[in-house]
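Chains A and B, in that order, are what the protein sequence lines are.
For the first sequence, the positions run 0 to 286 when numbering that gives the first Met the number 0 is used.
For the second sequence, the positions run 0 to 70 when numbering that gives the first Met the number 0 is used.
Rather than coming from a laboratory, the hints here were simulated on the basis of the structure.
The structure displayed is predicted, hence computed values, not measured ones.
Glycine included, every Cβ here is placed at the ideal spot set by N, Cα and C.
One or more of the hints may lead you astray.
[Said to hold, decoys possible] So the derived label-pair ranges between C-beta atoms look like this:
id, chain 1, residue 1, chain 2, residue 2, range
1, B, 8, A, 85, 21 to 31 Å
2, A, 242, B, 5, 49 to 59 Å
3, B, 3, A, 165, 18 to 28 Å
4, B, 2, A, 284, 51 to 61 Å
5, B, 3, A, 285, 48 to 58 Å
6, B, 8, A, 36, 29 to 39 Å
The lines below spell out each chain.
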Amino acid sequence: MTPLQALFLGLLQGSSELFPVSSLGHAIVVPSLLHWSYRPTAPTFLPFLVLLHLGTATALVVLYRAEWWTIVTAFVRAALRGRVESSPERLSMLLVVGTIPAGIVGLVLQKPLTALFGSPRAAATFLVVNGGVLFGAELLRRRDERRRALQGQPPIEREAAFADIGELDYKAAILIGLCQALALFPGISRSGATMAGGLVAGLRHEQAVRFALLLAAPVIAAAGLLEVPKLFAEPGPLGAELGAAAAAALAAYASGRFLVRYFRIGRLWPFAWYSVVLGAGSLAVLR
Amino acid sequence: MKSNWLASAVFVLLAVALVVLAVLYGMGSIQFLTFSGTKHAHHLTHAIALAILALLSLVVANMVRPKPSQA
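In isolation and in its complexed conformation, chain A is listed as follows (with noise of 0.2 Å):
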């Protein structure tokens, strides 16, 4: 892989991490359609990969640097209590039941997974699917808004109808949290998983992507973490591989803050044509 190479992936990665069109498949599916001759499942690319992650968690946790520490601190507070008294409390307890069962699942399913539908064709196959979850979330959220007779409405009084984190209850957050689970299909964003989820739990657009950033973060640097001692199994130059884990992280920043100020009143929609038209073009291209 040339220094260009790795910078470009670093780019796509961080950004693909963030929107919901999963950074995963456009890892498999991208080198393939530009020809590039390395495999993205081969053993060496792995400690590249584990750099992006870092890169692309390290920016989630910056670009939520004060709420981080105000949940963190609230959580050691509640656990030593027993008992949840405030909205940071419970916010950081929605966070760890909607993080226990997606580590669960992927500590026990990830490899087999991947290497079961690491293929580019698989990948641009379950990028259709993405596009067909992102859509189906939205056709629930206009159905619901059907039922309560908001449409014809500003958008921003639509959004202001339904509910913010706060309101979300634990069974939902666990919910939300095994929606993460899908990305564990190469193609399935985890985003747009847990973005789907938190709509059709009701809640905001604004925070249906807030939460489900937040919930990311963890998931994301054990993931990261779990794969610290492939960097140091396998020789190899690190140059490139750190400037690109370095653009990886401004590009997942510069994406998070984007699609936090889009989502105020924007949708899924894009993403969702996006995904449905990469996939099944990668499909066609892809023999």
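We have chain A; now place chain B onto it with these hints.
Frame of chain A; chain B shown alone:
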């Protein structure tokens, strides 16, 4: 969080299962979660991750356990 004995018991059982898995991973007795990579270090990181999940499960179990003042 509403108090609930059943939910508390489920989280305790989950924690026990995770601790058992973590110990087995730490000892290198099982490896179905890892297909590749460096042998011992990789198992150890999975053991640590499972232990952390077990700890979080216990925290949640304690949180949902009915407290004496609520009984």
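task: Could you say whether the range 49 to 59 Å given as a hint is met by the Cβ separation of residue 242/A and residue 5/B?
output: Holds, since residue 242/A and residue 5/B (Cβ atoms, about 52 Å apart) stay within the stated range.
- prompt: Falls inside 48 to 58 Å, the C-beta gap from residue 3/B to residue 285/A?
  reply: 50 Å, holds
message: A range of 29 to 39 Å was offered for this pair. Does it hold for the Cβ distance of residue 8/B and residue 36/A?
response: Cβ of residue 8/B to Cβ of residue 36/A: about 54 Å, so the range 29 to 39 Å is violated.
field: Whether the CB-CB distance between residue 8/B and residue 85/A falls inside 21 to 31 Å
entry: 27 Å, holds
message: Is 18 to 28 Å respected by the C-beta to C-beta distance linking residue 3/B and residue 165/A?
response: 20 Å, holds
- prompt: Would you say the C-beta atoms of residue 2/B and residue 284/A sit inside 51 to 61 Å of each other?
  reply: Once the Cβ atoms are compared, 56 Å apart, the range 51 to 61 Å for residue 284/A and residue 2/B holds.
Taken one by one, the earlier hints fail for this structure only at number 6.
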